Amino acid sequence: MSNVKKIFNETSKLLWQFKWYIVPYILFYLHLLMSYFMPSKKNYCIWENEEWYNFDLRIYVKITELMLIIFLLLFLIGTSNMRNHPLIAKCIFLSSLWFLAVFLEII
Numbered sequence: 001m002s003n004v005k006k007i008f009n010e011t012s013k014l015l016w017q018f019k020w021y022i023v024p025y026i027l028f029y030l031h032l033l034m035s036y037f038m039p040s041k042k043n044y045c046i047w048e049n050e051e052w053y054n055f056d057l058r059i060y061v062k063i064t065e066l067m068l069i070i071f072l073l074l075f076l077i078g079t080s081n082m083r084n085h086p087l088i089a090k091c092i093f094l095s096s097l098w099f100l101a102v103f104l105e106i107i
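Position 62 of the sequence shown, counting from 1, maps to 62 under this note's numbering, and the rest follow consecutively.
In short, the hints are calculated from the structure, not lab data. None of these values were measured; they are calculated from a predicted model. Not one of these hints is a red herring.
Result set (SDA-like, lysine to any residue): computed pairs, CA atoms no more than 25 Å apart in a straight line: (1) K62 / E51; (2) K13 / S95; (3) K90 / F71; (4) K90 / L76; (5) K90 / I69; (6) K90 / F103; (7) K19 / C91; (8) K13 / Y29; (9) K13 / L97; (10) K19 / M67; (11) K62 / P39; (12) K6 / K19; (13) K62 / F75; (14) K62 / L74; (15) K62 / S95; (16) K62 / V102; (17) K6 / I77; (18) K19 / Y29; (19) K90 / L100; (20) K19 / I69; (21) K62 / H31; (22) K13 / P86; (23) K6 / S80; (24) K90 / I22; (25) K5 / P86; (26) K6 / P86; (27) K19 / M82; (28) K62 / F37.
Restraint-style ranges between C-beta atoms, simulated for each label pair: (29) P39 / N84: 30 to 40 Å; (30) L14 / L104: 25 to 35 Å; (31) S80 / L30: 18 to 28 Å.
Glycine residues also receive a C-beta, built at the ideal position from the N, C-alpha and C atoms.
Work out the full structure: start from the sequences and follow the hints.
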């Protein structure tokens with residue numbers, strides 16, 4: 001039991017060191033979840049101005065589902081690299097800011 005408590009404490013300390021990198025990633029993931037549960041044409045604006053673009057709700061939901069899976073796997077890759085490769089983990093977590101800017105068409 002003390003071994004589990006020790007591992008939990010070490011993991012908590014490690015996660016606390018990366019809190020300012022993980023929080024934006026979680027907020028970005030929550031934005032993706034909102035887009036998944038409340039699909040809207042205005043949330044999917046990457047190709048909206050293209051003449052070939054046609055909004056289809058089924059395709060939108062499947063693409064959002066795929067993005068949720070991809071970004072969950074990226075989060076797991078980031079957390080697995082926190083101890084041995086902290087720079088890679090920080091880059092992965094901060095990539096959410098770039099993706100959020102792209103999805104919201106800020107860039």
